[in-house]
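The task is simple: from the sequences and hints, build the whole structure.
Listed in order, the protein sequences are those of chains A and B. Its first residue numbered 1, the first sequence is counted upward by one per residue in the numbering used here. Its first residue numbered 1, the second sequence is counted upward by one per residue in the numbering used here.
Since the hints were derived computationally from the structure, they do not count as laboratory data. One or more hints might be untrue.
Stated by the list, open to error - FRET-style restraints, in silico, Cβ to Cβ: (1) B:N14 / A:D78: 39 to 45 Å; (2) B:I367 / A:Q26: 54 to 60 Å; (3) A:G79 / B:A322: 25 to 31 Å; (4) A:K65 / B:F13: 33 to 39 Å; (5) A:N174 / B:N14: 20 to 26 Å; (6) A:N10 / B:L366: 19 to 25 Å; (7) A:N33 / B:I374: 49 to 55 Å; (8) A:D78 / B:M265: 44 to 50 Å.
A virtual CB, placed ideally from N, CA and C, is assigned to each residue, including glycine.
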Amino acid sequence: MSDKVLEMYNLNKVYGEGDTKVHALQDVSITVNKGEFLLIVGSSGSGKSTLLNMIGLLDRPTSGKILIDGTNTTTLNDGKISSFRNHKLGFIFQFFNLLADLTVLENVMLPRQIQGTNASASKDAKELLKIVGLEDQMYKQANKISGGQAQRAAIARGLVNHPTIVLADEPTGNLDSVSAQKIVQLMKSMAKKLGQTFIVVTHDRHQFGDVDRVITIKDGRAFEGQESTRLEAVA
Amino acid sequence: MDYRLQLAKRMLFNKRGSLVGAVLAVTIGILVIHVNFVIFQGLFDAIVRDLTDYRFGNLQITDEEDYIDKSDQSLVNWFERIPYVEAATPRLSSTASINITKFGERIEETRVPIVGVDPLRDIRASTVHNTIAEGQFVYSRNSIVLGSNVAQDLGGAKVGDSVKLKIVDRYGQEQLKRFIVTGIAKSPGGQGFDYSVVVHIDTLRDLMDRDGYTGSIMVKLNDPTKATEVKDLFLRTFPNEDFIAETIEEAAEEQLAGFRSGIAMINMIGYFGMMSSAFAIVTIQMMLVNGKTKEIGIMRAIGAKRRDILIIFLFQGIIIGAIGATVGTAAGLGYTIYAKETKMSFNNSLPLEVSIQWDKVIQTALISFSLAIIASLYPSYRATKLLPVEAMRNV
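In structure tokens form, the structure reads like this:
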């Protein structure tokens, strides 16, 4: 079986028409292997969040192909995309995006409940909350915990459905430096412990230290290796 | 518990203002229907009750030939042998001119409806004798009861006054007779003999020269639901006579038809009120959806399908409908019981005939419950149309 969990070929995303046409992504082709911790870096407006939205199937590309676990996602209908997101992807957002109406535990259980696997959802969610250090906060309302705790809960939620890829969009962007460091360490340790693939979008590459791969997005184009390092240095 | 129901409940209960608003909308819709029912159906039923008690009975027997020539005694006896029949009484009607001389001035009223009753039987089959405001009911051949309006038109005739009645008999001859006023009848709501005069049936027969004739037989049942059964039995028993047997609904159709249309219109207004409540729910739920745009985006991002979002907001409609229908029905029943216990009257006069019709109560609750769900369809549909990436940008 192939180790490739994500394959993107000639991905383009164009917003607007005519004179207002904007190429948010241009011919982006990336392959990600199982267990990789991949950083996508770039300045504001470079297209990195657009790329993450494409990978997360939250938005559709104008052209190109995205394969996750060998499945061409560009041909899936809305219902199948939702199901695919639920089964194959985990999300960590900059603003945590926990549902304020639910407790921390209920938030973490939610992807599994959507899946319909209620039976083990509570047990797995509690286990994950213990790993991320929130076992004493799990019955609190999601809007009653700190930002750092909320992001830990979001990480647990992102992992609870055993996704193929966890996508993190500026996961430290809304945290103080101490909490941010803790979150980075937590994600890296989870990636190592679970062999979990992480794709993290950040504008602060240094916060993450050593990672498996770094891709730089500039003007909608993806750069890797020496070119990426050069662009990082320029930035 | 299904996570969608749990989420729907939490989202709704955490927005108490919206919940209270939506529940109030349903409650008010139901309450309007109940209040309308108590007042207008109560009024209709009160009129039917009074027409039954005073004029028609549960069953009225007449003859195609204007008058029944069969012995009233034998007909009354026939009816009173039926277990469902409480009593029966003969009545005879005509019109007369009536005059009184007061302080040397002669006051005359023409075309006054006159009703002949058998005093002993009438008080068993009718309650019109209870409408005597002054004096007493007809008790002898030369006593007369004046309706309050007739008494007023006769310059304020009182008990003990002497009045003269002029009637045209079957041969076209004028017959005159003097009576002593023994009572003045006044009924709450005016469905009694307020505009008529009442005399002994035998006296009226004499005056009309219709000895042994009867205008109608008024039959009072101890179980009004058996009216059709008794009617059918009567018609089967006397197949060769020209009798007409009518239940109260048939006999009083003329008086009730207009009222029925009025009630239908009032009910329609009530249901329009309910529709307004549904629009209020649409508005409130649209606000709820708008307030939860980001949450919808998050749900969709982590894999909830459009159907799941639809179900969450439909559940909210169900919750609103269920609470609203319960509170509204409780409030409506509370009002109905209050109206019944306090013997609420229309225009401070006619006591309403208040009843709880469970089929109507359940129907109203179910309609409002269904409307709340229908009203939540559009906001729920709108919620499903939100794109996750767009919705999550909403703060």
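Checklist entry - Among the hints numbered above, which are violated by the structure, and what are their numbers in rising order? => result 1, 4 and 6
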